[in-house]
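S.K.: Given the structure of chain A, go ahead and fit chain B onto it with the hints provided.
There are 2 protein chains.
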Amino acid sequence: MKRAKGMRDFLPPQMMQREKAFATIAETYREFGFQPLETPALEHLSTLKAKSGDEIAGQLFEISNSDLGMRFDLTVPLSRVAANTSFPKPFKRYQIGPVWRREEPQKGRFREFWQADADIVGSASMRAEAELLEMASLSLTRLGLKDFKVLLNSRKILNSILEYFGISGKRNEIFRTLDKIDKIGYKSVYKTLEPALGEYSDQILPLFNLKGKNEKKLEALERYAPEGVAEVRELQGIFPDFIFEPSLVRGLGYYSGTVFEFKGTGRYKGSFAGGGRYDGLLELYGHGAPAVGISLGIERILLLLGEEAEKKTYTDVFVATLPDYYNEGLKTAKSLRKKGISAETDLIGRNIKKQFDYARSLLIPWVIIIGKKEAESKKVTIRNMKTGKESTETLTAAIKKIRSK
Amino acid sequence: MKRAKGMRDFLPPQMMQREKAFATIAETYREFGFQPLETPALEHLSTLKAKSGDEIAGQLFEISNSDLGMRFDLTVPLSRVAANTSFPKPFKRYQIGPVWRREEPQKGRFREFWQADADIVGSASMRAEAELLEMASLSLTRLGLKDFKVLLNSRKILNSILEYFGISGKRNEIFRTLDKIDKIGYKSVYKTLEPALGEYSDQILPLFNLKGKNEKKLEALERYAPEGVAEVRELQGIFPDFIFEPSLVRGLGYYSGTVFEFKGTGRYKGSFAGGGRYDGLLELYGHGAPAVGISLGIERILLLLGEEAEKKTYTDVFVATLPDYYNEGLKTAKSLRKKGISAETDLIGRNIKKQFDYARSLLIPWVIIIGKKEAESKKVTIRNMKTGKESTETLTAAIKKIRSK
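Just so you know, the sequences run in chain order A and B. Each residue of the first sequence is one higher than the one before, starting from 225 at the first, in the numbering used here. Each residue of the second sequence is one higher than the one before, starting from 225 at the first, in the numbering used here.
Isolated chain A, as found in the complex (with noise of 0.2 Å):
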């Protein structure tokens, strides 16, 4: 029987590289003061819908007969919690899982992924912004990737410049090829937006494909769009390691302020992080207050960190046993664990050769023998699997080799 279309199983090795990394991220969302917070695969239909746009409706798992749904991103989930529980403000949380959506699979892309998500609501201040920069800026560092930067933007910008212009249909539109322009070029998009922005092309068009430092980029909006610029200037004052984007979009929808995206600057050109401030939608929800978060995606990441050095088992030791001699691999066993050494017996009753096939294929480093000899002497033959060297020795000494390792 087959694995459903879309849906990935995680076999060992590959758990162990997934574990590896989703601690890393918990770790450093904690050293900021992020507080876990889970929510279920289901959700109402109506919670699903409240937000998302079309797209995403045609994207949902829906169950039948019932008014239910599985969640597609982690956000909608936070918003209906943090408008509807009362926690001391800002509201800190993070959360790594599984989201769904019913898109046609393709390389790299499937029904089933895994997001890891940082917000924070109930702060205005672009103090939470800069936090959320630098807390993903050390996660992907502390991951391994170092080829990155930070690309940032501000709806409010956007709006603000269209807004002065007098142009005030066709938005999404617009903002839709805006966000094409690092594909398809600056000519191309001038091309498509001319008709939409009519007389103001010239005036409008060239704001978006400003060059140079950021303060240079933001002097020239400022008249346009003096609010968002201020917000930019003062999150700079506290976290500097950004490129001010004019032409960043990011999706369409929710978003009302700022908006920022991790983009690779090696071989990958692609994003794997990205964010905004959605200050209006938790009041869909419940009670309003700003948000702003964050999400990394991991699908992407661990696709970039390629496969770890290989490592199928987290056991350390493999005890094997001659005939008559298992009770007292039991033991060994024991004792290992309890000094914190992963230790695994044969379960089979397989002869010594067998259980040395067995260590071997798992890449377990170390196998510890107990026969006769051993067994009568209190002592134990341990052989160390990358050279070879073997040598007889009590429980202790053993253990001491293996931690030294």
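Any given hint could turn out to be false.
Pairs count within a copy or across copies, as identical chains cannot be separated in the list.
Here are the computed lysine-lysine pairs in the DSS-like style, where the Cα-Cα straight-line distance is at most 25 Å [unchecked claim]:
1) K487 to K536
2) K629 to K535
3) K563 to K244
4) K563 to K610
Read the hints as simulated data drawn from the structure, not as lab findings.
M.R.: Positioned in the frame of chain A, the structure of chain B alone reads:
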């Protein structure tokens, strides 16, 4: 907007308790050489229904316009993976995760609930049972549960007794009634089963009601069920800490050999872990292999452990800043984090009193204050939030103080 029926949100204090329990279980499983495996939430309905009885089939969350449903346990996905992947045998995996059943929610019963499973695929030896029982006992003890007993029986013994007396039909009904012996009493079970067992009632039923030491019961059953009795004796030679209970059945369906259950002996008399051998199951999913597994019921266990000493956040230190000294506070927080101490700063721009209120509401144990005096003298003022004691010292000295608690 409301949470869906039978679903739960786990808020930070609960999550901290859960994360601790999950870590304890996972660490214990790893010590025994079990490896993590993760499978998707969604499986083909044919996969889910291959094993489940009618009862479970009626409890599936099915996905609209598809042949998919949400997993209702962790054994089905394990069986699918193990029967279709080549692993060194025995394959020992653990998985801690949610499962979904569309039952009517009751007190302590939810539609999304968590299980912590460990299974051994590829060993027909009682060594596998011994390992699971030892490992589960150790996990429960480490979690703080001490009042429990392990009940064990064998489906081979149950089946052989009926075969011995030539009773072939109605086996499931007989087992179902037998399983209730500790609830409704022997007399009641006798009355219910007499019509089905007929003339053999007085020979068969006392066999399920044997009292005394394990060996005495096994002796009494030996002539009716030699193979099953031999297996239980073999297990006892390796792991003796169980009570052989001839009336234990454990649900219905796929169990083929040993069945076992961890039951409370203190205030709580219910079961909080159980499992058994299912040698025939994997064949349904691909290639057959003997298998045995145990499942810890996380919800029950956490309920029994009760509320932990109140802890609302992982944060160790709140760095409070006076106006104009926020960036100095950020630097202090960064230094603390580098030393592995989790630290928060004020993200809202509140006055010092409100910053203290926030730290107090989250029960953060330490507050470090940065103002003009501190910034100029390159020292910090540190307050122990429990005792109220405050002193001004170098950051290094403050870190020592925080660590010593």
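S.K.: At 25 Å max between alpha carbons, let me know whether K629 reaches K535 within a copy, between copies, both or neither.
M.R.: Classified as within: same-chain Cα gap 15 Å, cross-chain 37 Å, threshold 25 Å.
S.K.: Go through the copies and call it for K563 and K244: within, between, both or neither, with a Cα cutoff of 25 Å.
M.R.: both (22 Å within a copy, 20 Å between copies)
S.K.: Classify it for me, K563 with K610: is the Cα-Cα distance of at most 25 Å met within a copy, between copies, both or neither?
M.R.: Close inside one copy (22 Å), not across copies (35 Å); limit 25 Å.
S.K.: What label fits K487 with K536 when the C-alpha limit is 25 Å: within, between, both, or neither?
M.R.: neither (31 Å within a copy, 35 Å between copies)
In terms of the numbered hints stated before, the structure departs from hint 1 and from no other.
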